[in-house]
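Peer 1: The listed protein sequences correspond, in order, to chains A and B.
The numbering of the first sequence is this note's numbering, which starts it at 17 and goes up by one.
The numbering of the second sequence is this note's numbering, which starts it at 155 and goes up by one.
Read the hints as simulated data drawn from the structure, not as lab findings.
For every residue, glycine included, the Cβ atom is placed at its ideal position computed from N, Cα and C.
Among the hints, erroneous ones may be present.
Quick look at which bits of chain B chain A covers, simulated, 3 or more residues with Cβ under 8 Å [unchecked claim]:
#1 179-190
#2 204-218
#3 222-228
#4 267-278
#5 367-375
Simulated restraints on C-beta separations [stated by the list, open to error]:
#6 Leu433(B) / Lys332(A): 37 to 43 Å
#7 Lys426(B) / Lys332(A): 36 to 42 Å
#8 Leu398(B) / Thr136(A): 26 to 32 Å
#9 Asp135(A) / Ser186(B): 55 to 61 Å
#10 Pro124(A) / Gln254(B): 34 to 40 Å
#11 Pro124(A) / Asp185(B): 40 to 46 Å
#12 Glu92(A) / Leu398(B): 37 to 43 Å
#13 Glu64(A) / Arg241(B): 45 to 51 Å
#14 Thr136(A) / His411(B): 46 to 52 Å
#15 Asp185(B) / Phe165(A): 52 to 58 Å
#16 His411(B) / Gln60(A): 51 to 57 Å
#17 Arg241(B) / Glu278(A): 40 to 46 Å
#18 Arg241(B) / His121(A): 41 to 47 Å
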Amino acid sequence: MASMEEQDFEKPIEDLTRRIEELSGFGAQQGREREIKKLQDRLQRLREEIYAKLTPWQATLVARHPQRPYPADYIETLFTDFIEFHGDRKFADDPAILAGFAMFHETPVAVIGHQKGRDTKEKIRRNFGMPRPEGYRKALRIMKMAEKFGRPVLTFIDTPGAYPGIGAEERGQAEAIAVNLREMSRLKVPIIVTITGEGGSGGALALGVGDHIQILAHSIYAVISPEGCAAILWKSNEKKQEAARALKLTAPDLKKLGIVDEIVPEPPGGAHAHRERMFEILERVLQRNLESLRSRDMADLLAGRHAKFRAMGSVKIL
Amino acid sequence: MAWFKKNKQPKAPITGEDRTVIPEGLWVKCDSCKEIIYRKEVLARANVCPKCNYHFRISARERLAALFDNGIYEELDLGIVATDPLRFTDTKPYKDRLKQYREKTGMEDAVINAAGRMGGSPVVISAMEYAFMGGSMGSVVGEKIALNVERALERRHPLIVISASGGARMQEGVLSLMQMAKISSLLGKLDDASIPYLSILTDPTTGGVTASFAMLGDLNIAEPRALIGFAGPRVIEQTIRQKLPEGFQRSEFLLEHGMVDLIFERKEMREKLITCLRLLMDPVPAEPALPAGS
């Protein structure tokens, strides 16, 4: 079945990895090392091959991979002196969004990102990375503080979407997102947006307005999840692969559509296969883009930010 | 022998989007209280049920005609149409869907841009059309509302947007999503320029439309009992696996929770909007009359 194959694309990689581990387990024996080296080369090639032609549904699975580095991992690794700030000063603190200030090399910056949580307990605490209004309001509070103190804002996006719940509606989920869109568009400090995993609709966009929008190569960004789209338009959960294809949610598609400015390459096998390598790559890209944005005049930056979003969309004039 | 053989198939129930369109004929059934009511009486009350005050869904054109002085307005930004940028096909190609809705509604997409006067003062209005693909927001809706915000900015005329939408249009993928940022960013400029923006939320206003311009009015004004929310009630029910409380996500619920400023009945909408605008902005000096026509 094609659909099963599409799900299990990592199986050959796993099988080969296991074989290498088994072989290594026997201890260093004559000839073994050469064999292991050969298999490792093959594993590398296999990863490159498989990851070079991921289908949109496979990209979705990679973007949601449980071992994929999360915004908290990037914050911890790429920054120093991170201090997390809590709460929206209105209702609560939302653990689905991490926000605070930190040093990026020699520059103090504000960092804000979704956080899904690794183990079950943390996932529940962080609501699987689905923020409630207070999360977006906390993010905005930190952004306003960044503006006040002239600190650039770096956001990291990885969310299935804003939480659909009774309390979230009561406290104005829509209003919280809307206000972020408006305020980010006129925030008087540079903003770099990095989509590191799942860019789930309005819940992602509420941290996603900025001067430079970049996406990790196997991340996705969509108006609705493939599952949600399949359920509504095809009235069938089986069609999620088709929906993923139709939605044009992969990094190359997003670049073509003018939604993102840059695709940040991932190591072969994805960010989860070589975390350290991924951290190095993103650090370098962030440094380059931060330098370039900081050298620009703020009025010019705001005009550019505005023009970028003004141009998005595709219409025909008769 | 079947003496009473049925020759006719039973009539299929009216479902989906057509449900709330007032059927032709002398009598109509209210969608809310299910009373059979005299059609003329409903029309005389601006499409509001005389028994239970249910506000029937009405078209964008009907709304514009009801708001502008003498029902006169100039329709703007015609000839802007969707391109099917993703070449999207679900059970049917997006192109075909567009064609079908164009024929059904006589509109190019799900919004009308208009300019005219209210209480003698110039105002620009964008009115969304729910009958066109559930009022979904794709690039055309985004572009046209953006153009009207820019028009309000340039002319320094107040802006009114009447929302009626299920949210972003999935068939244009993430391009639809970005319309939220595009319009919100322009509304920031309107805000900076101190030009009033009134957001009118009608039944239903959900998803990406609520989570962008519909919630950003200087005043957010709802029609009675309109469904207004971010997530649709079905999505919430499926997520929390509970029945939703009565009146959840209706205008009155939003008023109670501080998300809308006001609820205006349809019959008082025009006069009250005129008053609101006067309170927010000094009248703009008279200009040459706008060309008549709709």
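Peer 1: Which earlier hints turn out false for this structure, listed by number in ascending order?
Peer 2: Hints 1, 2, 3, 4, 9, 10, 11, 13, 14, 17 are the ones this structure does not satisfy, whereas the remaining hints hold.
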